[in-house]
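S.K.: Here is what each chain is made of, one letter per residue.
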Amino acid sequence: MITLSSLACSEFLGARIPTPFGSPICALRSSPRCAALHAPATAAAMATLYDVLGIAAGATGGEVKAAYRRLARECHPDVVAADRKGASADEFMRIHAAYATLSNPEKRADYDRRLAAAAATAIGRQQWSPRGPRPFPSSSSSPSVATSFSGFRRRTWETDQCW
Amino acid sequence: MAEQFYTVASDSENTGDDKVQSAFPDLAIGIDIGTSKCSVAIWNGTQVELLRNPRNQKLMRSYVMFKDDSPSGGVSEELAHGEQEIFSGSAVFNMKRLVGRVDTDPVVHASKTLPFLVQTLDIGVRPFIAALVNNVWRSTTPEEVLAIFLVELKAMAEVQLKRRIRTAILTIPVSFSRFQKTRIERACAMAGLHVLRLMPEPTSVALLYAQQQQLSLHENMGSGIEKVALIFNMGAGYCDVAITATAGGVSQIKALLGCTMGGEDILQNVLCHLLPNFDTFCADHSMDKIKSMGLLRIATQDAIHKLSSQPSVIINVDLGDGNKVCKTLNRSEFEEVNSKLFEKCEKLIMQCLVDAKFTAEDINDVILVGGCSNILKIRSLVLGLCKRENLYEGIDLLEAAVCGAALEGAVASGISDPSGSLDLLTIQATPLSLGIRADGDGFAAIINRNTAIPARKDMLFTTAHDNQMEALIVVYEGEGKKVEENHLLGYFKITGIPPAPKGTAEISVCMDIDASDVLRVLAGVVLPGTQNAVSPFIEVRMPTLGDGHGWCAQALAKMYGSSLDLATIPKKLQQ
Chain A
1 MITLSSLACS EFLGARIPTP FGSPICALRS SPRCAALHAP ATAAAMATLY DVLGIAAGAT
61 GGEVKAAYRR LARECHPDVV AADRKGASAD EFMRIHAAYA TLSNPEKRAD YDRRLAAAAA
121 TAIGRQQWSP RGPRPFPSSS SSPSVATSFS GFRRRTWETD QCW
Chain B
1 MAEQFYTVAS DSENTGDDKV QSAFPDLAIG IDIGTSKCSV AIWNGTQVEL LRNPRNQKLM
61 RSYVMFKDDS PSGGVSEELA HGEQEIFSGS AVFNMKRLVG RVDTDPVVHA SKTLPFLVQT
121 LDIGVRPFIA ALVNNVWRST TPEEVLAIFL VELKAMAEVQ LKRRIRTAIL TIPVSFSRFQ
181 KTRIERACAM AGLHVLRLMP EPTSVALLYA QQQQLSLHEN MGSGIEKVAL IFNMGAGYCD
241 VAITATAGGV SQIKALLGCT MGGEDILQNV LCHLLPNFDT FCADHSMDKI KSMGLLRIAT
301 QDAIHKLSSQ PSVIINVDLG DGNKVCKTLN RSEFEEVNSK LFEKCEKLIM QCLVDAKFTA
361 EDINDVILVG GCSNILKIRS LVLGLCKREN LYEGIDLLEA AVCGAALEGA VASGISDPSG
421 SLDLLTIQAT PLSLGIRADG DGFAAIINRN TAIPARKDML FTTAHDNQME ALIVVYEGEG
481 KKVEENHLLG YFKITGIPPA PKGTAEISVC MDIDASDVLR VLAGVVLPGT QNAVSPFIEV
541 RMPTLGDGHG WCAQALAKMY GSSLDLATIP KKLQQ
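Going down the list, the sequences are from chains A and B. Note that UniProt numbering has the first sequence beginning at 1, numbered continuously upward. Note that UniProt numbering has the second sequence beginning at 1, numbered continuously upward.
Calculated directly from the structure, the hints in this document are not laboratory data. Keep in mind that the hints are not guaranteed to be accurate.
[Stated by the list, open to error] Taking lysine-lysine pairs in the DSBU-like style, the calculated list, with each CA pair at most 35 Å apart, reads:
#1 Lys357/B - Lys107/A
#2 Lys347/B - Lys107/A
#3 Lys481/B - Lys107/A
#4 Lys387/B - Lys481/B
#5 Lys112/B - Lys357/B
#6 Lys344/B - Lys107/A
#7 Lys387/B - Lys347/B
#8 Lys387/B - Lys107/A
#9 Lys112/B - Lys558/B
#10 Lys324/B - Lys67/B
#11 Lys107/A - Lys227/B
#12 Lys502/B - Lys347/B
#13 Lys377/B - Lys107/A
[Stated by the list, open to error] Derived DEER-like restraints, expressed as beta-carbon distance ranges:
#14 Ala116/A - Val354/B: 26 to 36 Å
#15 Ala557/B - Ala116/A: 37 to 47 Å
#16 Leu376/B - Ala56/A: 44 to 54 Å
#17 Ala56/A - Phe492/B: 38 to 48 Å
#18 Thr530/B - Asn104/A: 25 to 35 Å
Remember, it's a predicted structure, so these values are computed and weren't measured experimentally. From the three backbone atoms N, C-alpha and C, an ideal C-beta is built for every residue, glycine too.
Only chain A is shown next, with the shape it has when bound in the complex (with noise of 0.2 Å):
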């Protein structure tokens, strides 16, 4: 009966909490760099995960390791402003998701299969462009964006990979 499986609750979660895990202890660095990651998050749950490191989808592993380094350089909860670290622990938590899946041959091929047929629904239901613009969905510094996503039900795949 034990069973692993994880539903993504970061967004409902945002939705009710606005800021529901904040951290008490400061760093005291300041990041502005992380100020192009809070574009309106109108696209946000459209993200694909190569969006998320910010390469192409024939992007090499070397490559995925690399935004991924680059990434937490600037998102992690250790290295961005006190008052930030709780959007940060999102931004690095999904940075992570990402790459845990990409950076993983078989889980990437799967992906791949997975945001293809997404792919082929969505542009016959106009609901997804592949090519727009895709910032980062920010569920807790942005809850109306959140409530939004409470019927995206395939969203599992992204926190499943977590580890």
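Start from chain A and add chain B according to the hints.
M.R.: Showing chain B alone in chain A's frame:
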């Protein structure tokens, strides 16, 4: 206990070591409290520097002497206490092996052969420990002893740095439970230190390694070329393994694993070999027995050290009452006596490789740290498993952990260095799985071990009984399939579950670890099939337990039986 009792005025003599300026008023110091030795280091503006005590030592013995009314540790004394004095029953040491453990713990039981008093009633509470003061056993606690020691370390650092020290990074063993971590934080708070972070020792070494790699391979920055290192750390009390992937100053902890096993166990194995009735020899804690046991410990410790450079050694100790130990111990005999321990080391390394999804061929560097690294068998087994000829050079095996902690202190304090040598980041991983009790006594892991931190995961559970309106969320940490094999962290109750047949209600349990390693558990009832909360969730910071935590699980079982149980939901129904 009264805190002012431990406050040491910072008016000790100036040591004349004025190199370190207080250019960084809030810079956190790095502290490595070892089972046997401890050290303090700080970023001095250009590099990490270890502080020295008045006896010019960088590595100080970890003990507190309770001789008269004011206890004193191994830091500040102008004159060192002799080995015999330390083993006279008046000094308490090995605090790191005792802190945060209950009196049913085998490690506590093994500590009963130490010269000071360790008494257990085997009911799952904090053990009673006491030091001999004027022929009376005066009680203390591991936290209190640690606090006295930390006060001395802090005072020593304040004198040398000419400023107040408020924050510190401490290194801890990988296998420490979250409950043990709170005990370390408690001891630090008693000493007036705010803990910025508790770093597992091998991850602290990994940070130092990352810095060295970055300085030597600056051109690799961002190119994704990574170096994988296996770090094996065995000190007097604990054994840790970690695998880190490093590039561009980012140290990513791929896997870490640890257990309570170290030089102290090696020493006890040899003592048992030399004196078969060793366990019971000083059970009565008479003065004569303590004294002769102290002599035997000193001689045996010395012999083990010598076996690293010579094939055999003679141990000759008169224990009084006609008891005498006179024996030649050779290296193969020593290795035979400790064969189980060495096997366990091998298993740890192999498991860590599996967890990190690496093979020996993937390892670029093998780093050996800790006092036990000098033991030839340890060296050969680690190198053998990693299929390597040589160990990584350039890391001091006794100073690496504290240097890494000082680096983390500088990074976490927001110091930046023009040369880029503080452009560092450690992506930590959880050393133990976290989950709750479900399906009877089962442990349902929600965050698995070796998950990158910060992490957030959630899982749905359901009721175990029809019309069950309340449920207990009992949080555990560990790798056992059954909760009793794991560490209990805390518990709380979810109420207001709408009456329904068993297995239909949905209870969401979310676990969140932030970058400072703070664990929060958030739980509540959601409408089946949706993610909408029925009523406000409950958020609890863990661990919540006090001292008698061994009892809590039993008390809950006695009070509620299985009436408030939860069950896991099969994966296909999780949505």
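S.K.: Does each hint fit the structure? Answer for all of them.
M.R.: The hints, checked one at a time:
1. Lys357/B - Lys107/A: Holds - the C-alpha atoms of Lys107/A and Lys357/B are around 14 Å apart, at most 35 Å.
2. Lys347/B - Lys107/A: The hint holds at about 28 Å.
3. Lys481/B - Lys107/A: OK: Lys481/B and Lys107/A at ~27 Å, within 35 Å.
4. Lys387/B - Lys481/B: Holds, because 33 Å separates the two Cα atoms, which is no more than 35 Å.
5. Lys112/B - Lys357/B: Violated. Lys112/B to Lys357/B sits at ~40 Å, over the 35 Å cutoff.
6. Lys344/B - Lys107/A: Given pair Lys344/B, Lys107/A holds - Cα atoms ~33 Å apart, limit 35 Å.
7. Lys387/B - Lys347/B: holds (15 Å)
8. Lys387/B - Lys107/A: Distance of about 30 Å is within 35 Å: holds.
9. Lys112/B - Lys558/B: Roughly 31 Å between the alpha carbons, so the hint for Lys112/B and Lys558/B holds.
10. Lys324/B - Lys67/B: holds (29 Å)
11. Lys107/A - Lys227/B: holds (23 Å)
12. Lys502/B - Lys347/B: Status violated; Cα separation ~42 Å.
13. Lys377/B - Lys107/A: Status violated; Cα separation ~40 Å.
14. Ala116/A - Val354/B: 26 to 36 Å: holds (33 Å)
15. Ala557/B - Ala116/A: 37 to 47 Å: violated (51 Å)
16. Leu376/B - Ala56/A: 44 to 54 Å: holds (51 Å)
17. Ala56/A - Phe492/B: 38 to 48 Å: holds (47 Å)
18. Thr530/B - Asn104/A: 25 to 35 Å: holds (31 Å)
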